[in-house]
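Colleague: Start from chain A and add chain B according to the hints.
Spelled out from the first residue to the last, the chains are:
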Amino acid sequence: MMLFQVRGGVKLSYRKELSSESPIVRMPTPKRVCIPLQQHVGSPAEPVVEVGQWVGKGQLIGRAGRGISANVHASISGTVIAVEDRVAPHPSGLTQLTVVIESDGADRWAELPQPITADFPLPATPKELNDRVAAAGIVGLGGAAFPSAVKLDMRYKYSIDTLVINGAECEPYITCDDRLMRESAAEIVDGVRIMAYALAVEHIIIAIEANKPKAVKAMREAAKADSSIRLVTVPTRFPMGSAQHLLLAVTGRETPADKRTAEVGAVVHNVATARAVSMAIRRGEPLVSRVVTVSGLGVREPANVEVPLGTSVEDLLTFCGGLHPVPTLLIGGGPMMGAPLPSVHAPVVKGSSGVLALTASETNEGPESPCIRCGKCVTACPAGLVPVEMAQLIRRGDLQGAKAIGSQDCIACGSCSFICPSHIPLAHYFSFANGKLSALDRDARQQDRIRSLVQARNERTAREAEIKKAAAAARKAAKAAAAKATAEPPTQLLEEST
Amino acid sequence: MDANMMTQAAQAVGAIGLLGTGLGVILGVAARYLSAPVDDRTEAIAALLPGSNCAQCGYAGCKQAAAAIVDGRAAPNCCPPGGASTAQRVAELIGVRLAVDGSDTALPTVAWVDEARCIGCTRCIRKCGSDAIVGAIKQMHTVLPEVCYACGLCVTECPTNAIVMKPVMPTLATWHWPKPAAKRPTAAA
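So the protein lines, in turn, are chains A and B.
For the first sequence, the numbering used here assigns the number 42 to the initial residue and increments by one for each residue that follows.
For the second sequence, the numbering used here assigns the number 8 to the initial residue and increments by one for each residue that follows.
In isolation and in its complexed conformation, chain A is listed as follows (with noise of 0.2 angstroms):
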């Protein structure tokens, strides 16, 4: 199949071969789990469990909140200890509303819904599948977190006709896809086809690079199932896996900037959360685990491991031998675009597709100096950006500058960061920038609100004002026309009694 020119990118030393001989391995059920309520994109879940009580494994503790938003289940049994604010899994260090779990040992299942295990044509209409896939918390687990629903679901909006497979994998290091791919393949398959059921497409791809010629092989013979699917090799360039990238790459479509991909006609999911659709309409099964990738030679036994939501990276770690050589830099994720990890306390979430302990000679942090103008971070951007001139203006203060040349469109690969002959922290500066010009407008939205308030109030007390005077002045001539009253009878009276 052709395939279609992706401009940018970078060539990356892979390090996959840590973990990806090492079949997934499902971890025992942790002691404890600590489950954060906004595990995903949009507005955090609202507990629905108390302290003390007993929850089964699978059974819903967070309903989805408002707007976007995904549901929250228990991912073992046992009793809610907590239901308080725990550190989070994100750079900030910053703490976050999480139901902890204290396991009974016994791993049961709450009550599940019933399963669909008729084959195709599904006994089910499309929504009843996409009430099932938002049911079951399932969020994209490339690591965006998107709830997948809200993607289904776009279907009533924009006209879909194609669904494309993400099994890039792009990221060094992370095998959890690749390993996915070869061993549960024909459970991949059965959720691609739910999903594409459930969007009504005529064209489904899956797309995989090139560096995984087994993963390849175990799902062309499992995409025999449907003769609509079509099995594609991209090449080995990061960023492939940018849902934006990969269409682009596979279908010749460019997404707008600072629009979805189903504006294009098209909806991309990740080879994991097929997998989870096919076990909540299978099995019935909620988001309860996920695997993780421990990988990075800080690791005494790197490997892909089927971990409980919520496990403490402490744990998974201990799990994976624990650390060897002090490691420098502890991530959550990729290492291009995954972040530190505040601390080991952090819980494995929906969004976690690696846990990194990466030691001094797998880092590259030299010191920064001043730019040579190569031009190498321009020829990388995937976004078609150029991210001198951006962070040149960021650095002095320009936001509004910078985002006049897109700097809102960057996508945060890190491309360019990693480019760097200079080591300029390129990426970080539009970090920076995008997050405080966000926060600007947060605060420009605030303050309209608030003048809006005080326009209100300062109309009110003006009639106020107004009604007061009118009443006072009512009152006057009132009290003026009795006195008159009062005044005149006794003059008539006088003049009776003369």
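Among the hints, erroneous ones may be present.
Okay, derived cross-link-like pairs now, EDC-like style, lysine to aspartate or glutamate, Cα gap no bigger than 16 angstroms in a straight line [as the list claims (entries may be wrong)]:
(1) B:186 x A:145
(2) A:265 x A:228
(3) A:72 x A:126
(4) A:57 x A:403
(5) B:186 x A:409
(6) B:134 x A:500
(7) B:134 x B:164
(8) A:444 x B:121
(9) A:57 x A:342
(10) B:186 x B:164
(11) A:417 x A:430
(12) B:145 x B:121
(13) A:444 x B:50
(14) A:444 x A:299
The set of hints was computed from the structure by calculation and includes no laboratory data.
Modeller: Relative to chain A, chain B alone:
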């Protein structure tokens, strides 16, 4: 004689009238075409400021502050309750570039009522420019933090010192990366 006087009076009245009309027309035209432009930026800036006349900027009210900003006596970011976004908008209006370098480390604040101390006198409610305080007589009051713009008028008004300004802590939804630390090479000599 009588008729002569009448004519002279009519002439005088006519002349003055004509003069008046002529000058009036000239003045009217001049007012229209030769007028000095009124600086309407004052109005525009006043519309951007919160409009509650809290006087934290050091001027009597928002209109006066707006005039001072136009005259260059006050900085575009002189309004603490307006915050960074208002400062940006004002700066844009008067053509000044305000650098956003992330050095504004001071957290925004909002008023907070210590409920144990509140006696329910409603004095703060009457003072609050954006109706951000709810409560009734002899009922506890509380501040709606999302519409409080930290003018601080309630703090001085409270007879029991029950109101304090508290910093707004960043949350996962509002946190963003700080600006990368500038590693300036030390200038040689």
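Colleague: Compare the distance between the alpha carbons of residue 134 of chain B and residue 164 of chain B with 16 angstroms, and conclude whether the hinted pair is satisfied.
Modeller: holds, 8 angstroms
Colleague: Residue 186 of chain B and residue 409 of chain A were given as a pair; does the straight-line alpha-carbon distance stay at or below 16 angstroms?
Modeller: Between residue 186 of chain B and residue 409 of chain A the Cα gap is close to 15 angstroms, so the pair holds against 16 angstroms.
Colleague: So if I understand the rule, the pair passes when the alpha-carbon distance is 16 angstroms or less; does residue 72 of chain A with residue 126 of chain A pass?
Modeller: Distance of about 19 angstroms is beyond 16 angstroms: violated.
Colleague: Would you mind confirming whether the straight-line C-alpha gap from residue 186 of chain B to residue 145 of chain A stays at or under 16 angstroms?
Modeller: Violated, at about 46 angstroms.
Colleague: Taken at face value, is the distance from the CA of residue 403 of chain A to the CA of residue 57 of chain A at most 16 angstroms?
Modeller: holds, 13 angstroms
Colleague: Check the hint pairing residue 417 of chain A with residue 430 of chain A against an upper bound of 16 angstroms on the C-alpha distance.
Modeller: Judged against 16 angstroms, a Cα distance of about 12 angstroms means the pair holds.
Colleague: Is residue 444 of chain A within 16 angstroms of residue 121 of chain B, Cα to Cα?
Modeller: It is violated: about 42 angstroms lies between the C-alpha atoms, which goes past 16 angstroms.
Colleague: Assess, step by step, whether the Cα of residue 444 of chain A is no farther than 16 angstroms from the Cα of residue 50 of chain B, and give holds or violated.
Modeller: Violated. Residue 444 of chain A to residue 50 of chain B sits at ~28 angstroms, over the 16 angstroms cutoff.
Colleague: Take the C-alpha atoms of residue 145 of chain B and residue 121 of chain B, compute the straight-line distance between them, and say whether it is at most 16 angstroms.
Modeller: holds, 15 angstroms
Colleague: Would the pair residue 134 of chain B and residue 500 of chain A pass a check requiring their Cα atoms to be no farther apart than 16 angstroms?
Modeller: It holds: about 15 angstroms lies between the C-alpha atoms, which stays within 16 angstroms.
Colleague: For the pair supplied as a hint, residue 444 of chain A and residue 299 of chain A, is the alpha-carbon distance within the 16 angstroms limit?
Modeller: Roughly 13 angstroms separates the two Cα atoms, so the pair holds.
Colleague: Quick one, are residue 186 of chain B and residue 164 of chain B close enough, alpha carbons at most 16 angstroms?
Modeller: Violated: residue 186 of chain B and residue 164 of chain B sit about 39 angstroms apart, past 16 angstroms.
Violated hints for the displayed structure, listed by number in ascending order: 1, 3, 8, 10, 13.
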